[in-house]
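Student: As a plain string of letters, each chain reads:
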Amino acid sequence: MSKRKITIAVSGLNNIDSPGPGIPVIRALKDSELFEIRIIGLSYDTMEPGIYMHDLVDKTYQIPLPSAGQQSLITRLTYIHQQEKIDVLIPNFDAELFNFIKLQDMLKKMGIDTFLPTLEQFEERQKWALNTFGEKYGIKVPKSKQINSTAEIHALTHEFGYPLVVKGKFYDATVAYSPDQAMAAFNKISSKWGLPIIIQQYTPGIEVNLTGIGDGKGNLIGAVPMRKTYITDKGKAWAGIALEDETLMNIARNMLKGNKWRGGFELEMIKTDKREYYLIEINPRFPAWVYLAVGAGQNHPEALVRLALGEDVKPYESYESGKMFIRYSYDKIVDLKEFETISTLGEL
Amino acid sequence: MKLLKNIALSDTGFVFNPGNGDSFSVNPIGLSILKDLQEGKSEDAIRNRVIEDYQTDKETIEKDLYDFLKMIEQFNLTDYHE
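Order-wise, the sequence lines are chains C and Y.
Anchor point for the first sequence: position 19 equals 19 in the working numbering, and the numbering is continuous, going up by one each time.
Anchor point for the second sequence: position 71 equals 71 in the working numbering, and the numbering is continuous, going up by one each time.
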């Protein structure tokens, strides 16, 4: 069977120590047996390694930061689309999703398909709304609240006790064992990601995660649970293993029946000694370890492309547990000319 | 005591729990005990089999077997509901 030629734009090319999902998503797409894919990278920073990984990314264009707003983003995407004729666009950053969700109808009119959560789905799983989310869909969630000032930290001793978890609105989380540590974490995280800061009750146990994809009609098209087996000092998985975890799969299935999630997602859960599961976060896109799902037999990014193109996609029925991933670092040699080109022209 | 249904035992002594990703290495005696448990043999039957195979005094076997079974329980290799 000949493969269909298709052009896909992908963001999240920051394949660094705290990696974005872009490169793993691209690797998954390159493994597709259905599509012959030309990849257009969308970057925010000239130091994103994916820009220079020409075996995976055919051409890269800089795009404006999410804070620049939707108008400048659509203007830039219109130019890129004129050059490249993009068929499908896969955004991979939490921080950019709001703009892309807002622009999806406009993109569709231009001929660019996406497969994104609805704004309601995106908003109701925000970290500061997670308790309400848990109540609505019958998932246990550690108690959490948002704060906007360090003055609120002293009251946390009575309300939460220590340790507690201090989290950024998009990224970063630190376990604080005292008010001083909570204060330091508040300042560090808020200076990077802004306010509010989310305070979450510390839940002891092992972290188990699940990467999945929903079809927007309540069906779980694919899902693979994973446990991190080597964690970096930033809390990122450097190695992980695919698990056989029917309880976690059922949590995902039930959640999707309820909220009809559309697109890729990641559940981050804590499994306690009593084998209870607590939801600590839902990411509204594929995680950086999504390529493990491909290794275990489920190509979620390929399924997302098919859904974006309006195809009927049957759910995956199995995967191979025990498959592992181990990341590695690699020094990519780059000519100054390439750096100059992306820096001055905004494309490479 | 029962071993969890999905525990994978390799002839090399590699033990893998797909439920939580844990893996262990056991020696040939440990492996034979785990296989016995997987086949549903009782602790008495396992004890008698080990005494017969290794011709050691009953007290030593009982103590070591007790330690081993407690250890695999702590490592979450046994059925929680048993």
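Worth flagging that the hints you see were computed from the coordinates, not collected in a lab.
Ideal Cβ placement from N, Cα and C applies to all residues, glycine included.
Careful: at least some of the hints might be erroneous.
To be verified - Non-contacting residues of chain C with respect to chain Y, defined by C-beta distances greater than 10 Å in every case (computed):
#1 2
#2 46
#3 175
#4 193
#5 208
#6 229
#7 245
Said to hold, decoys possible - Under the rule of at most 20 Å between Cα atoms (straight-line distance), these lysine to aspartate or glutamate pairs were calculated in the DMTMM-like manner:
#8 Y/2 to C/17
#9 C/143 to C/273
#10 Y/5 to C/113
Student: Next, verify each hint and record whether it holds.
Tutor: Results of checking the hints against the structure:
The Cβ of residue 2 of chain C lies farther than 10 Å from every Cβ of chain Y, with a closest approach of about 38 Å, so its non-interface assignment holds. With a closest Cβ-Cβ approach of about 38 Å to chain Y, residue 46 of chain C is found to remain outside the 10 Å limit, as its non-interface label requires. Against chain Y, the non-interface label of residue 175 of chain C holds: every CB pair exceeds 10 Å, the least being about 21 Å. Distance to chain Y confirms residue 193 of chain C as a non-interface residue, since its nearest Cβ pair spans about 30 Å, more than 10 Å.
Under the 10 Å C-beta cut-off, the non-interface status given to residue 208 of chain C relative to chain Y is violated; the minimum distance is some 8 Å. Listed as a non-interface residue, residue 229 of chain C fails to keep its Cβ farther than 10 Å from every Cβ of chain Y; the least gap is roughly 6 Å. With a closest Cβ-Cβ approach of about 6 Å to chain Y, residue 245 of chain C is found to fall inside the 10 Å limit, against its non-interface label. Note on residue 2 of chain Y and residue 17 of chain C: the hinted pairing is violated, with a Cα-Cα distance of about 42 Å set against a maximum of 20 Å.
With a CA separation close to 18 Å, the supplied pair residue 143 of chain C and residue 273 of chain C stays within the 20 Å bound. The hinted pair formed by residue 5 of chain Y and residue 113 of chain C fails the criterion: a straight-line CA distance of about 44 Å is larger than 20 Å.
Hint check: violations occur at hints 5, 6, 7, 8 and 10; the rest are consistent with the structure.
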